[in-house]
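Visitor: Whole structure, please, built from the sequences with the hints as guidance.
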Amino acid sequence: MPDRKIAPPIKDAVDFNIRLKPCTRFDLSNGAPVYYINDGAEEVAALDFVFKAGNCYENKNGVATSANYLIKNGTSKKNSFEITEYFEYYGAYLNRTCYNETATITLHCLSKHLEQLLPVIRELITEAIFPQNELEIFQQNSIQRLSVNLLKSDFVANRLIDQYLYGAEHPYGRVSNKEDIENINREDLQNFYKQFYLNASCTIFSAGKLPGDFETLLEKYFGDLNLNETLPEVVFKREMASQKKYRVSNDENGVQAAIRIARPFPNRHHPDFKKAGILNTLFGGYFGSRLMSNIREEKGYTYGISSYLQNHIGETSWMITTEAGKDVAEATIEEVQNEMKLLREELVDDEELLLVKNYMMGLNLGYVDGPFHVISRWKSLVLNGLDENYFYDSLNVIKTITAEELQALSNKYLSPEDFFELVVI
Amino acid sequence: MKWLFRNAEKLEKPDLPFLFDSFWENNFVWRNFAAMINFERFVLDNGLRVIVHEDKSTPMAVLDVMYDVGSRDEEPHKTGFAHLFEHLMFGGSVNIESFDEPLQMAGGENNAYTTNDLTNYYLQIPAENLETGFWLESDRMLALGFSENSLDVQRKVVLEEFKEHYISKPYGDVWHKLRELAYKEHPYKWMTIGKELSHVENAQLQDVKDFFAKHYTPSNAILTVAGNVTLAQVKELAEKWFGDIPAGEKYIRDIPQEPAQTEPHFLEVKAAVPLDALYKCWHISTRLDKRYYVADMITEILGGGTSSRLFQNLVKEQQLFSSIHCAHLGSIDAGLLYIEGKLVKGVSIEDGEKGVMAELEKIKSEKIAENELQKIKNKTESLLAFEDISLMNRANSLANYELLGDADLMNKELSIYQSVTSDDIFEECNRIFVDNNCSTLYYRSEAL
Chain W
224 MPDRKIAPPI
234 KDAVDFNIRL
244 KPCTRFDLSN
254 GAPVYYINDG
264 AEEVAALDFV
274 FKAGNCYENK
284 NGVATSANYL
294 IKNGTSKKNS
304 FEITEYFEYY
314 GAYLNRTCYN
324 ETATITLHCL
334 SKHLEQLLPV
344 IRELITEAIF
354 PQNELEIFQQ
364 NSIQRLSVNL
374 LKSDFVANRL
384 IDQYLYGAEH
394 PYGRVSNKED
404 IENINREDLQ
414 NFYKQFYLNA
424 SCTIFSAGKL
434 PGDFETLLEK
444 YFGDLNLNET
454 LPEVVFKREM
464 ASQKKYRVSN
474 DENGVQAAIR
484 IARPFPNRHH
494 PDFKKAGILN
504 TLFGGYFGSR
514 LMSNIREEKG
524 YTYGISSYLQ
534 NHIGETSWMI
544 TTEAGKDVAE
554 ATIEEVQNEM
564 KLLREELVDD
574 EELLLVKNYM
584 MGLNLGYVDG
594 PFHVISRWKS
604 LVLNGLDENY
614 FYDSLNVIKT
624 ITAEELQALS
634 NKYLSPEDFF
644 ELVVI
Chain L
2 MKWLFRNAEK
12 LEKPDLPFLF
22 DSFWENNFVW
32 RNFAAMINFE
42 RFVLDNGLRV
52 IVHEDKSTPM
62 AVLDVMYDVG
72 SRDEEPHKTG
82 FAHLFEHLMF
92 GGSVNIESFD
102 EPLQMAGGEN
112 NAYTTNDLTN
122 YYLQIPAENL
132 ETGFWLESDR
142 MLALGFSENS
152 LDVQRKVVLE
162 EFKEHYISKP
172 YGDVWHKLRE
182 LAYKEHPYKW
192 MTIGKELSHV
202 ENAQLQDVKD
212 FFAKHYTPSN
222 AILTVAGNVT
232 LAQVKELAEK
242 WFGDIPAGEK
252 YIRDIPQEPA
262 QTEPHFLEVK
272 AAVPLDALYK
282 CWHISTRLDK
292 RYYVADMITE
302 ILGGGTSSRL
312 FQNLVKEQQL
322 FSSIHCAHLG
332 SIDAGLLYIE
342 GKLVKGVSIE
352 DGEKGVMAEL
362 EKIKSEKIAE
372 NELQKIKNKT
382 ESLLAFEDIS
392 LMNRANSLAN
402 YELLGDADLM
412 NKELSIYQSV
422 TSDDIFEECN
432 RIFVDNNCST
442 LYYRSEAL
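One line per chain: the protein sequences are W and L, in this order. All residue numbers for the first sequence refer to the working numbering, where the first residue is 224 and numbers rise by one. All residue numbers for the second sequence refer to the working numbering, where the first residue is 2 and numbers rise by one.
Rather than coming from a laboratory, the hints here were simulated on the basis of the structure.
When the alpha-carbon atoms are kept at most 25 Å apart in a straight line, the in silico SDA-like pairs for lysine to any residue are as follows:
hint : chain 1 : residue 1 : chain 2 : residue 2
1    : W       : LYS300    : L       : GLY306
2    : L       : LYS157    : W       : SER516
3    : W       : LYS522    : L       : GLU202
4    : L       : LYS317    : W       : ASN302
5    : L       : LYS196    : W       : GLY477
6    : L       : LYS346    : W       : SER370
7    : W       : LYS522    : W       : GLU568
8    : W       : LYS300    : W       : GLU346
9    : L       : LYS215    : L       : ASP46
10   : W       : LYS635    : W       : HIS492
11   : L       : LYS317    : W       : ARG409
12   : L       : LYS210    : L       : PRO77
13   : L       : LYS79     : L       : ALA144
14   : L       : LYS355    : W       : GLU357
15   : L       : LYS317    : L       : LEU374
16   : W       : LYS300    : W       : ARG409
17   : W       : LYS522    : W       : ASP572
18   : W       : LYS468    : W       : LEU632
19   : L       : LYS157    : L       : LYS196
20   : L       : LYS378    : L       : THR422
21   : W       : LYS602    : W       : ILE344
22   : L       : LYS236    : W       : ARG227
23   : W       : LYS522    : L       : LEU206
24   : L       : LYS210    : L       : SER148
25   : W       : LYS417    : W       : VAL458
26   : L       : LYS170    : W       : SER472
27   : L       : LYS317    : L       : ASP352
28   : L       : LYS346    : W       : ASN372
29   : L       : LYS57     : W       : TYR590
30   : W       : LYS549    : L       : VAL154
31   : W       : LYS498    : L       : GLU110
32   : W       : LYS549    : L       : ASN150
Guide: Next comes the structure, spelled out in structure tokens:
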């Protein structure tokens, strides 16, 4: 019978030697870069076309998102139904997503169908026509969805806190209202498409079990397009709100409060960023974090509370987010501040520090497991203008960071007066 | 579910119809129909079933413990208990004060969820530290710490979970109402979170102890170990850590099955939401019946993707709905197939319903074309291939199928789907889409 009081020996994850598998890079003849990993047990492939066509390139609210969404709703050869039917017949998933800097078209399919599907993707990025009735249906349904979302205090809180952090004109702080959606017209979409898809800056990422002639296939369907244009730099000035504290009433019968506490933070290129990732994990970034232990596991104020560094390419923010009982909203904020104070005033003990390090290393080991995880690591590096050294440096910081460094970082960044504080009920 | 983090740094996942977004709506079980997955199986003397799936391509291991207990095993005046109990499983066990800390120290991560049918605990850990998982999971199967404080706190946490997902959300109470409307006898009539807040509020420590003794026994559990492990290693570790846990008394499930519905059910409610919504559901077969697979394919024909019939005809062409979905609960006992749609402003629920009924009439009167059937089969094949990428999914599926009776079902399901004919679909549509088998909920918008 084992002695159950004694934990089995473990290998400290900080001692793991984690390697990011390399990915292949080649350029299409038009110069557009392709990054891919040909590996995997299942006969599946994923292909991601990343265009510099995000919100920050639009000069009218909602145009980038609409153009991205409607790109598969009609070409000069096929109507919306024929396009979607074509992909679905092959059991393929075609998704579009619009972010702040980029907009993507993503294909997931069985490897054997790639060759049938690529020409239609080419069609989408060369011959989309944005039919008027498709735009109208999209507008109508988006407005309806928005009306439901605006009843949710968490949705409202997310919109407001970003406005305080970046300003309502900044792409990270901008939101679309009913009027914005109504004001989008077909010409806006056609112009945006011409500027950012027909003359695009595009990077392609792919992973899975890829056909032997993968490079030839991509070259055949995409090598002659204008996918490597130089786009003008867009620079946005962060204009933070001057007021720091907000209490907003959204639903008079609300039983929970959406709480957001946030401060500005530099982007990944700043020397503090990697260290802050570790401090964040300790503070509010995992189940055993200080915030979860105190506010959920000790006090039961909430189902979950977390903190994170927003995933932006540019200057970003450090955010604490939770939905807590209405009556304990203010007490929750107080406890968040208490936890900041503790981190500023007291050194983290060795055991907790080792636990966080081991936990993060274990996660990272999982993050580089399998071709789909690996390509998304590479994608994140490439899109942020980084290389594998950043990945290895991050691991090294996890391994070597000290309690003193974390305390210094807390004193630099975790002072309540630097944070916006928002409660929406 | 134990917890959910909103973290912007979360890994990007393919945007497939996977579990998490809709978890709280229906607690539906993973729809894993799978390609060939190799595994071994053995049983300990105390009745614990163990499944081993070796995958040497990963540095990780997954350890999944599935208990054959869900909210269908609750008493009508103590609902929400299986799920509350899931939370208490993290409050320390007889020999180990904290579950999470030693696991995190070993580089591991974990979560858990409860459905109407089952409760599943799963962890991922660097394979070298696998034994830590065995130590932790076996101790809480042996006995919990049963701390009054943990019960106090988790009651509050679950109440906040209840509020967050079912009260604060517009339309959040729909499934409470719809289940009650469709089920009169079967415990599927309440949701996993519980029928009402007071049931959770009133839970006592003695209830916790009784529930543990009744359901958390080795013979009521399945241990699945997957990843960079070997059969010999798992055998040794399973025997070492789980072998001496007393078998306990085998729980024999005896819950009322739902009698055939004999008349249409109808409910109309008003709520402070901006849009009218229509919900309709029909009883379908049990999980192990071939008809289950046919019903699953029917939901794909009607509501899977933007080329599906309901989306194409009612959202795009007739513009009656701004969104519409068709799915089923995926439950083990006889489940529900449902259609839910939000009406376009200005369109009445009645007109929307007419549009839905016309589509159902069509599928009941005309057999589907070969290429439409082929599309559904192709989508199924592709979905299963993507789902099998994740080690965690594979372990979870094996456990799920073993709970159904045979883990090897995982390797047989694709051929069942492929054997379905347009005649099968035609017959099943005519069996399901009958007024006397239908429950309808009109969810009307009250002026805001």
